[in-house]
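Given the sequences, and given the hints that come with them, work out the whole structure.
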Amino acid sequence: MDFRLPPESVELAEAVREYLAGTHGPDVLRRLDAGGNRDLRIWQGLVEMGLTGLLVPESEGGLGMTLLGGALIARECGRACLAEPLVDTALVAVPWLIARGETDDLAVIAAGEKLVALPHAVNPWVADGEGEELASVDPLRNLVAAPEDAGDDPLLLDLGALMSAAQLVGLAEAMLDQAVAYAQVREQFGHAIGGFQAIKHKLADVAVALEFVRPVLWRAAQAMDDGLTSAPLHVSHAKYAATDAAYLAAESAIQVHGAMGYTYEVDLHFWMKRAWALAGAWGDRNFHYHRIEDAALGGAHPLGPQHTFA
Amino acid sequence: MKLGFSDMEEAFRRECASWFEDQMSGEFADIRGIANLVDKPERRKAWERRLAEHRYSCIGWPIAWGGRDATLNEQVIFAEEYARAGAPNRLNHMGVELLGPTLLALGSSEQKARFLPAIAEGTAIWCQGYSEPGAGSDLAAIRTRARRDDGEWVIEGQKIWTSLAQFADMIFVLARTEDGTSGREGLSFLLVDLDQPGIEIRPIRQINGEAEFNEVFFDGARCPVENMVGAEGEGWTVSTTLLSFERGISTLGQQMQFRNELDAVIAAARRNGKTADPVFRQRLAEAEIGLRLMRYGALRMLADGKGGALAGAALTYKIQWASWRRALGELAMDVLGQEGEIAPADAEGWPLLTNLYLYSRADTIYGGTNQIQRNLIAERGLGLPREPRGNA
Ligand SMILES: Cc1cc2nc3c(=O)[nH]c(=O)nc-3n(C[C@H](O)[C@H](O)[C@H](O)COP(=O)(O)OP(=O)(O)OC[C@H]3O[C@@H](n4cnc5c(N)ncnc54)[C@H](O)[C@@H]3O)c2cc1C
Chain A
1 MDFRLPPESV ELAEAVREYL AGTHGPDVLR RLDAGGNRDL RIWQGLVEMG
51 LTGLLVPESE GGLGMTLLGG ALIARECGRA CLAEPLVDTA LVAVPWLIAR
101 GETDDLAVIA AGEKLVALPH AVNPWVADGE GEELASVDPL RNLVAAPEDA
151 GDDPLLLDLG ALMSAAQLVG LAEAMLDQAV AYAQVREQFG HAIGGFQAIK
201 HKLADVAVAL EFVRPVLWRA AQAMDDGLTS APLHVSHAKY AATDAAYLAA
251 ESAIQVHGAM GYTYEVDLHF WMKRAWALAG AWGDRNFHYH RIEDAALGGA
301 HPLGPQHTFA
Chain B
311 MKLGFSDMEE AFRRECASWF EDQMSGEFAD IRGIANLVDK PERRKAWERR
361 LAEHRYSCIG WPIAWGGRDA TLNEQVIFAE EYARAGAPNR LNHMGVELLG
411 PTLLALGSSE QKARFLPAIA EGTAIWCQGY SEPGAGSDLA AIRTRARRDD
461 GEWVIEGQKI WTSLAQFADM IFVLARTEDG TSGREGLSFL LVDLDQPGIE
511 IRPIRQINGE AEFNEVFFDG ARCPVENMVG AEGEGWTVST TLLSFERGIS
561 TLGQQMQFRN ELDAVIAAAR RNGKTADPVF RQRLAEAEIG LRLMRYGALR
611 MLADGKGGAL AGAALTYKIQ WASWRRALGE LAMDVLGQEG EIAPADAEGW
661 PLLTNLYLYS RADTIYGGTN QIQRNLIAER GLGLPREPRG NA
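Chains as they are written, first to last, in my numbering: chain A, 1 to 310; chain B, 311 to 702.
These are computed hints drawn from the structure, not numbers from a lab.
Treat the hints with care, since some could be wrong.
Some but not every residue of chain A turned toward chain B, in silico, with C-beta under 8 Å [claimed, not checked]: (1) 137; (2) 264; (3) 285.
Values in this document were obtained by computation on a predicted structure and should not be read as measured data.
Where is the CB? At the ideal position from N, CA and C, for every residue including glycine.
Shown next as structure tokens:
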């Protein structure tokens with residue numbers, strides 16, 4: 001067993017993190033919120049980094065990366081609270097099309113000229129789909145009502161859930177970072193509030209939760225790359241744990257910000273609302289909880305000392 | 311101990327119920343069940359006046375000041391029926407429940423005569439000027455200053471998070487009146503008219519896009535020296551007396567709102583089949599248990615308290631309800647699942663449960679954060695050593 005992340009994927013993820021940190025800060029979120037929601041220039045930048053072709057085979061002009069590599073990028077999209085529909089097109093639709101042998105559009109997708117928004121029966125809406133608009137609690141998400149005849153393909157569900165989990169991890173990490181930064185500078189009673197144990201412990205709890213979510217996420221991505229029959233279980237575990245961590249991070253970060261955390265003026269709410277939206281996307285906590293329950297108790301997943309955990 | 315209500319009390323309940331129902335299905339139907347604090351302010355002011363006409367604006371106050379001298383039981387009943395009828399949150403909560411009782415306890419007879427009638431009549435709406443950018447949890451770090459000039463206090467400084475200031479007529483201000491003091495010393499409690507050139511009010515948008523709270527800037531704002539409650543330099547005592555009302559009987563109405571909210575969560579779970587799911591059955595039952603813990607706890611504590619203030623043990627109440635409601639907000643979102651992501655496109659306001667999730671994020675912050683409440687319980691309640699606190 002080797003539980004290290006592939007260095008080239010990590011390098012790319014770091015480059016993306018830096019790029020987004022430089023070009024997609026809170027000022028951009030505010031500008032998008034003020035009008036338009038989407039910006040072709042941001043999309044073009046992502047295309048130029050090759051991100052639309054991340055999972056497209058090299059023969060079709062892409063980077064041919066694994067789902068694990070893709071999950072690392074989805075996490076960065078969460079961290080930056082990216083509004084453009086990169087994850088749905090490049091990290092959910094592309095691998096699904098490839099698995100179905102529908103490869104005609106891959107080159108166009110890699111070139112950034114086509115968006116794919118796939119409906120699924122588990123979602124009452126389609127993000128960035130076409131049709132009559134529904135408002136999301138997240139001001140930067142564009143929803144339309146799902147068609148009545150949306151399919152319930154299990155692979156699509158797992159891909160959507162995996163990449164949502166990855167984004168939730170990134171979102172939670174970003175909220176923790178913001179809370180830590182605020183706790184360093186906000187003073188009350190003559191001390192930085194981060195010096196009070198009540199605050200330290202709260203933030204430390206978020207750090208612990210995240211530390212244990214990340215491996216579950218990587219494990220789920222690898223299980224899908226390996227085509228394991230247990231992959232859905234791993235995905236559910238990741239989505240469940242990532243949602244928990246994101247809720248905890250949001251609640252804690254708001255608390256640490258005091259009344260500031262309850263305003264629209266402080267950036268935090270963008271991340272909090274994206275986490276809220278993605279918590280329900282591609283199966284909410286309850287949905288995945290029951291998939292785990294079925295697997296653990298229903299006999300589908302062998303338990304006991306004679307079986308490995310892996 | 312005697313639980314339950316007497317025949318007379320039940321008669322009062324019927325009287326309240328039928329009057330609220332008349333109003334809420336009749337003339338005030340347009341403000342029935344409003345979930346936020348900012349919609350239709352003019353109508354809500356009219357509602358305050360209507361309550362007053364019926365002597366329902368401040369039933370816990372003495373008869374001489376426009377109240378009914380209502381007993382604790384009657385106030386419980388009133389709050390229950392008020393919420394049951396879906397009457398809107400009181401725009402003058404801070405006048406009726408916070409400042410009024412404080413003036414009754416600590417105000418001079420001239421102050422009572424000048425300020426109480428307008429609150430009872432619903433014609434003066436009040437807001438609370440405590441917090442400042444640098445003084446939140448550390449309230450005693452207040453820097454807003456007031457100095458005497460020709461029979462008046464002249465005020466310079468800034469308040470923040472002032473709820474409903476944009477609709478209010480008056481503000482009670484905690485200000486530093488003695489040079490060179492810090493912490494709890496040298497503060498005074500002043501009653502200030504908001505309608506004057508030295509005051510500017512700027513709304514702050516909150517997380518759900520609405521603006522309930524504000525920044526209030528004082529640039530040479532004035533009030534007569536007689537508008538100081540309590541002695542000069544004794545403002546801290548006055549302000550904490552007021553806080554004991556904030557955390558006391560004024561929360562009874564809120565409890566009925568909690569009941570309504572939990573019922574709404576249960577109704578949503580019935581609608582989408584989640585009540586058939588053991589996970590949700592248990593979580594809903596836990597919420598019900600939590601609600602009952604709070605309810606009986608609060609009634610017990612109020613039974614011991616004086617004049618609607620909470621006594622010592624009651625330090626525990628704020629953190630209990632705030633944490634309960636914050637958890638209910640998250641449960642509501644789990645019950646809604648994916649549906650919870652959909653927000654209404656129109657300006658009618660967000661649905662009850664979505665708003666519950668957002669609003670409940672603030673419950674553990676205002677009126678004393680959970681962290682501060684725990685410190686108080688541990689230090690004052692359990693006698694543990696004090697945390698380092700700067701000069702407060
Ligand atoms: C919806 C809403 C309405 C409000 N309405 C009003 C109003 O009408 N009038 C008014 O005057 N104020 C109002 N407030 C302000 C409220 O009283 C303050 O938000 C509150 O006192 C906390 O102060 P702060 O926001 O500055 O947070 P801070 O005091 O900056 O706290 C930030 C974080 O640090 C923690 N912390 C601070 N000190 C300690 C410590 N010693 N130990 C451990 N942890 C600590 C806090 O718990 C919090 O988690 C309102 C607030 C909200 C959210």
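Against the structure, the hints come out as follows:
1. At its closest, the beta carbon of residue 137(A) sits 5 Å from a beta carbon of chain B; the interface hint therefore holds under the 8 Å criterion.
2. Proximity of residue 264(A) to chain B holds as hinted, the smallest CB-CB distance being about 4 Å (cut-off 8 Å).
3. At about 6 Å, the closest approach between the beta carbon of residue 285(A) and any beta carbon in chain B falls short of 8 Å, and the interface hint on this residue holds.
Violation of the numbered hints given earlier is absent; every hint is satisfied by the structure.
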